[in-house]
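Asker: Letter by letter, the chains look like this.
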Amino acid sequence: MIQKFDTIEKEALEALEKEQNNDIPQIYVGCATCGNATGAQSVVQTIKNKLKKEDFKAEIKEVGCIGMCFAEVLVDVIKPGQPRVSYHGVTPEIAEEIVESYVINDDHRPDLALGYFGEGGPEDVERIDAGDVFKNQQRVILKNCGVIDPENINEYIARGGYRGLAEALEMKQEDIIGVLKDSGLRGRGGAGFPAGRKWESCLKPQADQKYVICNADEGDPGAFMDRSVLEGDPHSVIEGMIIAGYTIGSSKGYFYVRAEYPLAIKRLRRAIAQAKEKNLLGENILGTGFNFELEIFQGAGAFVCGESTALVMSIEGNRGWPKPLPRPRTTEEGLWGKPTLLNNVKTFSVVPQILSKGAEWFRGIGTEGSPGTAVFALTGKINRSGLIEVPMGIELDKIIHEIGGGILDDRKFKAVQTGGPSGGCLPEDKLHLSVDFDTLLEAGSMMGSGGMVVIDETTCMVDVARYFLDFTFEESCGQCVPCRQGTQQMLEVLNDICEGRGREGDIEHLLELGDAIIKGSICGLGQTAPNPVLSTIQYFQDEYEAHIKDHTCPALVCKNLIVYHIDEEKCTACGRCRKACPVEAISGEKKVPHKIDQELCTKCGICFQECPERFSAVERLTGKENLAAAARGRLTDV
Amino acid sequence: MQEQTSKALSNFEGKPNEVIPMLQAVQDETGYLPEEAIRDIADLIGIPESKVYGTATFYSQFYFSPRGKHSIKVCLGTACHVRGGMQVMDALERELGIKAGETTADFKFNLERVNCVGSCALAPVVMVGDNVFGRLVPKQAKEVLEKSDPEV
Ligand SMILES: Cc1cc2nc3c(=O)[nH]c(=O)nc-3n(C[C@H](O)[C@H](O)[C@H](O)COP(=O)(O)O)c2cc1C
Ligand code: SF4
Ligand code: SF4
Ligand code: SF4
Ligand code: FES
Ligand code: FES
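Chains as they are written, first to last, in this note's numbering: chain A, 1 to 638; chain B, 1 to 152.
Heads up, a few of these hints could be off.
Said to hold, decoys possible - Only pairs whose alpha carbons sit at most 25 Å apart, straight line, appear in this in silico DSS-like list of lysine-lysine:
(1) B:Lys-142 - A:Lys-603
(2) A:Lys-48 - A:Lys-4
(3) A:Lys-559 - A:Lys-595
(4) B:Lys-7 - A:Lys-579
(5) A:Lys-266 - B:Lys-7
(6) A:Lys-603 - B:Lys-51
(7) A:Lys-559 - B:Lys-99
(8) B:Lys-142 - A:Lys-323
(9) A:Lys-357 - A:Lys-338
(10) B:Lys-15 - A:Lys-559
(11) B:Lys-69 - B:Lys-15
(12) B:Lys-15 - A:Lys-323
(13) B:Lys-139 - A:Lys-595
(14) A:Lys-579 - B:Lys-69
(15) A:Lys-266 - B:Lys-73
(16) A:Lys-603 - B:Lys-7
None of these hints come from the bench; they were simulated from the model.
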């Protein structure tokens with residue numbers, strides 16, 4: 001059987017060698033969703049045209065996400081015998097220059113390059129993998145993302161792919177579970193449940209059919225890790241699922257993919273077909289007699305379907321309602337009432353490496369309680385947004401200030417949000433904390449599935465809490481009264497606070513509601529919905545109080561608590577704001593300082609952005625006195 | 001319309017668990033779910049129409065009336081929210097004279113809010129078809145519409 005795989009591997013390598021001519025330059029263009037959004041496709045086209053026009057031979061490859069979203073469009077060039085040089089912010093024009101200067105000639109263009117990977121690069125550009133972005137990262141789950149062509153199975157095999165499966169097929173099922181248990185792998189979907197134990201509880205029950213499901217619903221409204229893995233390295237997830245099928249004795253697996261992920265679905269379809277062609281999937285896999293089929297099910301836009309029992313209901317063709325309590329465990333009675341193994345995308349994708357490299361290797365990364373790495377979509381008010389992977393145990397501070405390059409526009413850090421709508425916000429004095437399942441939970445936040453949003457002084461914490469509550473209220477399936485009505489009441493209180501109707505006792509009321517929702521909800525959505533509110537009260541209570549007592553929004557975000565005002569001393573009467581105001585609320589003439597009619601102003605903020613920075617005459621004021629003065633039309637008196 | 005629906009449903013066997021894929025197939029073909037399609041699906045599977053409705057209305061992906069030629073998708077994922085996505089939404093609502101979730105009277109545009117479209121580095125982001133507009137400020141709302149439909 002291993003021999004059979006050896007042959008497949010050998011053929012893959014030979015095919016690659018034939019396809020790939022390493023004697024000519026290799027050009028890689030980052031074509032994941034975010035690259036394409038920035039114009040990667042037109043860059044690819046320009047490069048192709050230019051090469052054709054110059055009659056020059058080079059390989060051009062569309063790769064997945066390398067994670068440096070802030071630098072898109074990324075084009076990497078490897079010339080024979082040279083390290084990989086990376087160019088950032090590439091437009092079609094710049095792409096032509098790169099082809100001309102570096103691909104065809106020998107000027108590596110330090111003015112355009114971001115840097116190079118590996119050793120022996122030119123001295124006038126930075127070595128990227130030793131710099132701040134990468135030196136703190138460790139790529140395990142993302143090791144192939146942005147490096148291989150995700151539509152070519154041979155490239156995956158050439159980097160050790162499907163060897164984990166071949167080895168697993170020679171092992172006893174109990175032994176595979178033993179390895180997983182020894183590795184300490186915990187599920188990457190958010191809760192961190194030990195994977196070995198889950199697989200074991202699926203192996204035990206006797207049944208004529210069992211199912212494996214990959215949870216690719218990715219419900220967190222501000223994150224894209226799972227999508228990047230599916231788009232950049234689909235085979236790793238497929239391989240993990242086949243191993244799971246063999247281990248628990250299942251012949252059928254499903255991908256439950258969020259509806260809005262068309263590229264991920266396309267890549268998965270392709271990868272499934274390729275794996276079948278090579279007899280790594282389908283019937284009689286590698287001649288072992290083991291059969292396994294994979295099917296893709298597209299979600300239809302309901303956050304609660306990420307919950308295991310709701311997800312199962314949804315595949316069965318129903319509304320995605322979590323099953324009522326007491327409910328059987330999905331591992332014993334899941335899809336169509338059969339034992340079902342559900343794991344997250346990243347959990348499956350790391351399994352093959354654990355089997356081929358061993359439990360010890362995995363345990364060597366991360367912390368005792370949370371071995372391995374964590375993948376984050378690092379976003380918000382940060383200089384370098386992107387997809388990162390770090391060993392568990394790294395300090396939050398390192399992620400934000402070194403990898404992320406600090407706060408946008410040199411503003412002041414305020415909080416970091418993880419865990420999406422189920423998670424919490426941590427303030428500056430918690431930045432020394434270690435990133436792992438248990439530490440974050442203890443501090444009132446959670447690991448989550450990988451969203452990490454950085455918040456600065458210009459973001460209002462009450463507004464952030466309201467944002468998440470609005471989301472969970474909308475997404476509550478409505479089965480449990482505490483979840484349905486509790487989130488609605490919490491949202492109303494938060495709306496009141498943000499809109500200047502906050503009252504003494506609101507904070508206590510929120511805490512009580514939170515408690516009731518947690519206790520009275522039957523699924524994780526309700527049980528965690530209050531977290532964003534509770535953690536912001538825990539760490540930013542003064543901001544709540546400022547809103548309630550003084551009608552002050554310290555971050556100048558809550559519309560009803562701010563007024564726009566023009567400082568007469570500073571206004572040069574340039575007229576820009578007047579022309580830009582969509583509701584003609586600004587009056588003024590040449591040489592006469594301009595004025596805002598508070599009754600007409602809709603607080604759209606356009607004048608604030610329009611007024612040239614050197615004047616900065618438009619200001620935002622907050623607080624009871626200013627609001628009252630504005631209401632009287634006498635703001636200038638303040 | 002009927003033709004499109006039949007075409008969309010031609011590949012299904014009519015098993016109860018095919019409801020959602022059927023609804024998706026119809027919507028892919030016609031842009032929304034016409035009443036007849038719901039009926040056809042119910043007939044094909046042999047379940048009451050109300051059951052099909054019940055399932056369809058649960059999921060936010062499905063629409064029950066025709067939509068605009070261009071879908072303006074305003075990202076209000078967390079990163080876009082903290083970087084001013086709501087102000088962009090307000091500006092688009094004002095320009096189009098409709099609220100999020102609605103369609104303009106001439107069926108040219110519909111406006112919807114979406115969650116993270118995977119381009120957070122460009123937040124706040126608006127997507128129209130395959131085009132992504134990033135780092136937007138409210139006054140660019142008009143520009144987004146003009147670029148999306150040359151006749152605006
Ligand atoms: C409301 C809700 C939404 C969830 N959404 C997701 C999701 O999008 N992706 C995911 O992997 N897990 C999600 N989960 C967690 C799953 O229920 C489940 O724990 C997880 O998929 C198990 O995989 P793991 O052990 O590999 O983490 C969600 C849970 C709840 C309660
Ligand atoms: S907790 Fe909320 S989402 Fe979960 S089952 Fe109850 S009502 Fe539905
Ligand atoms: S905030 Fe908007 S509506 Fe108010 S004055 Fe400025 S531009 Fe006009
Ligand atoms: S843009 Fe600024 S300086 Fe110019 S008129 Fe308006 S407030 Fe005055
Ligand atoms: S670089 Fe991959 S999503 Fe941005
Ligand atoms: S939150 Fe808008 S693109 Fe990610």
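Asker: A separate judgement is required for each hint: does it hold in the structure or not?
Answerer: Now the hints, each set against the structure:
1. The straight-line distance between the Cα atoms of Lys-142 (chain B) and Lys-603 (chain A) is roughly 18 Å, inside the 25 Å bound, and the hint therefore holds.
2. The straight-line distance between the Cα atoms of Lys-48 (chain A) and Lys-4 (chain A) is roughly 38 Å, outside the 25 Å bound, and the hint therefore fails.
3. Straight-line distance between C-alpha atoms of Lys-559 (chain A) and Lys-595 (chain A) comes to about 19 Å, which keeps the hinted pair within the 25 Å bound.
4. At most 25 Å may separate the alpha-carbon atoms for a hinted pair to count; Lys-7 (chain B) and Lys-579 (chain A) exceed this at roughly 52 Å.
5. The hinted pair formed by Lys-266 (chain A) and Lys-7 (chain B) meets the criterion: a straight-line CA distance of about 22 Å does not exceed 25 Å.
6. Our distance criterion of 25 Å between C-alpha atoms is broken by Lys-603 (chain A) and Lys-51 (chain B), whose separation comes to about 45 Å.
7. Pair hint Lys-559 (chain A) plus Lys-99 (chain B) holds up; C-alpha atoms about 18 Å apart against a cutoff of 25 Å.
8. Pair hint Lys-142 (chain B) plus Lys-323 (chain A) does not hold up; C-alpha atoms about 46 Å apart against a cutoff of 25 Å.
9. Between the alpha carbons of Lys-357 (chain A) and Lys-338 (chain A) the distance comes to roughly 32 Å, so the proposed pair goes past 25 Å and is violated.
10. Straight-line distance between C-alpha atoms of Lys-15 (chain B) and Lys-559 (chain A) comes to about 51 Å, which puts the hinted pair past the 25 Å bound.
11. About 33 Å separates the Cα atoms of Lys-69 (chain B) and Lys-15 (chain B), which puts this hinted pair outside 25 Å; it is violated.
12. Distance hint between Lys-15 (chain B) and Lys-323 (chain A) is fulfilled; the C-alpha atoms sit about 22 Å from each other, no more than 25 Å.
13. For the suggested pair Lys-139 (chain B) and Lys-595 (chain A), the alpha carbons sit about 20 Å apart, so the restraint of at most 25 Å is met.
14. Between Lys-579 (chain A) and Lys-69 (chain B), the direct Cα distance comes to roughly 31 Å. Violation of the 25 Å bound is thereby established for this hinted pair.
15. Annotation: proposed proximity of Lys-266 (chain A) to Lys-73 (chain B) holds, straight-line Cα distance about 21 Å (limit 25 Å).
16. With a CA separation close to 49 Å, the supplied pair Lys-603 (chain A) and Lys-7 (chain B) exceeds the 25 Å bound.
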